[in-house]
Amino acid sequence: DAKTTQPNSMESNEEEPVHLPCNHSTISGTDYIHWYRQLPSQGPEYVIHGLTSNVNNRMASLAIAEDRKSSTLILHRATLRDAAVYYCILRGYGGSQGNLIFGKGTKLSVKP
Amino acid sequence: AAGVIQSPRHLIKEKRETATLKCYPIPRHDTVYWYQQGPGQDPQFLISFYEKMQSDKGSIPDRFSAQQFSDYHSELNMSSLELGDSALYFCASSFRTGDNEKLFFGSGTQLSVL
Chain H
403 DAKTTQPNSM ESNEEEPVHL PCNHSTISGT DYIHWYRQLP SQGPEYVIHG
453 LTSNVNNRMA SLAIAEDRKS STLILHRATL RDAAVYYCIL RGYGGSQGNL
503 IFGKGTKLSV KP
Chain R
715 AAGVIQSPRH LIKEKRETAT LKCYPIPRHD TVYWYQQGPG QDPQFLISFY
765 EKMQSDKGSI PDRFSAQQFS DYHSELNMSS LELGDSALYF CASSFRTGDN
815 EKLFFGSGTQ LSVL
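So the protein sequences, as listed, match chains H and R.
Using the working numbering, read the first sequence as starting at 403 and increasing by one per residue.
Using the working numbering, read the second sequence as starting at 715 and increasing by one per residue.
For reference, chain R alone in the conformation it holds in the complex (with noise of 0.2 Å):
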């Protein structure tokens, strides 16, 4: 079965310099969520989108942007990164139902700011 599927699996960055990291969500599914985890943290909500459209905000910072395409396909985009935004970032997607439905995740990608 099609799972997410994130790109750049690691990406090796300098200070000030920008992102961009893509998730591509399991087919039919219409929601989009972003997760930041730190080393030794737990997850952290970013940014969600439903249909294209930005559904919630978390705790993601100015500098952080994403959008929603129209095949439903997810882009974060960073800039002026700093040696604290080093984590792991999780895309999960869902089939919004309205009853709770489960996230799925993907493997994630790693981005280290030198």
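Isolated chain H (complex conformation) (with noise of 0.2 Å):
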């Protein structure tokens, strides 16, 4: 299975851009990439996912590098409310490779 790496914890400012970095460098070419958070107590939440281009909602943006073995997750202005556990995920396409199986993900934490 291809694997993500993410740092355990970033603290950011409020108001401030926050950068989250996913190392993926076994990922496939069928690979889409994942971002969900999870805020305390919630269940997790879809963030926004891409294949090879970079990627805006209304939520973050996704940057994607060129050979796509690291992909970057974009808040333009953290609020207290991202305060959240971040995973970045690899998912296939169709059958078992489509399940999202949650590795460890990054704690961000937004100080006021």
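In short, the hints are calculated from the structure, not lab data.
Treat the hints with care, as some may be off.
[Claimed, not checked] Result set (DMTMM-like, lysine to aspartate or glutamate): computed pairs, CA atoms no more than 25 Å apart in a straight line:
no., chain 1, residue 1, chain 2, residue 2
1, H, 471, R, 815
2, R, 771, H, 433
3, R, 727, H, 447
4, H, 506, R, 765
5, R, 771, H, 447
6, H, 471, R, 756
7, H, 506, R, 799
8, H, 405, R, 770
9, H, 513, R, 756
10, H, 509, R, 756
11, H, 506, R, 770
12, R, 816, R, 789
13, H, 506, R, 728
[To be verified] Calculated Cβ distances over 12 Å to all of chain H for the following chain R residues:
no., residue
14, 722
15, 732
16, 741
17, 742
18, 771
19, 775
20, 779
21, 794
22, 824
23, 826
Even for Gly, the Cβ is constructed at its ideal location relative to N, Cα and C.
Need the complex rebuilt from these two chains, each delivered in its own frame; the hints are there to steer you.
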């Protein structure tokens, strides 16, 4: 299984941008890069996903390296509500490869 | 907008008892996933269903079984409960498009085995 590597924890100041890195050197050509986050005492929440091109949505941006061996989730202005564990997950296409398998995420703390 | 509904929110059981957790997916979603999250752990995939058929199996113990019914709701049945089964159990649903659709998670059922 392709795996991801993320820092255990990161800290940010409120209203500043946050860049959460993820390494996935064994990514296959059909693996999508997904980001989910889990706020305290809640279920995981979808943030964004992409394949090759950078992606933007109302929550965040996803920057994918040209060789796809790494990616960065960008929160443009962190708020206290963004304090959560962020998971970078590789998800294949179809069958068991399509399951969402959580690894070790990054715990983001946001300081006022 | 309707979300994934799980019941009960909290459940307390004794060792060796049985428990049934229920999950009601978002309307029109055809796929259900079950996850287990122990204290301080990351969510672990247990099992998934697509169109009422088991789609894939993860680290689900033999003491657990699950099914998806004709109305697409799902139940996770747990027997011979052990202390180590104490965890947060999440259900997620999606509408399978074959294009890496997003999963929507419920708020979970907190199971405590005493």
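Violating hint indices (sorted, rising): Those not satisfied are hints 3, 4, 13, 18, 22.
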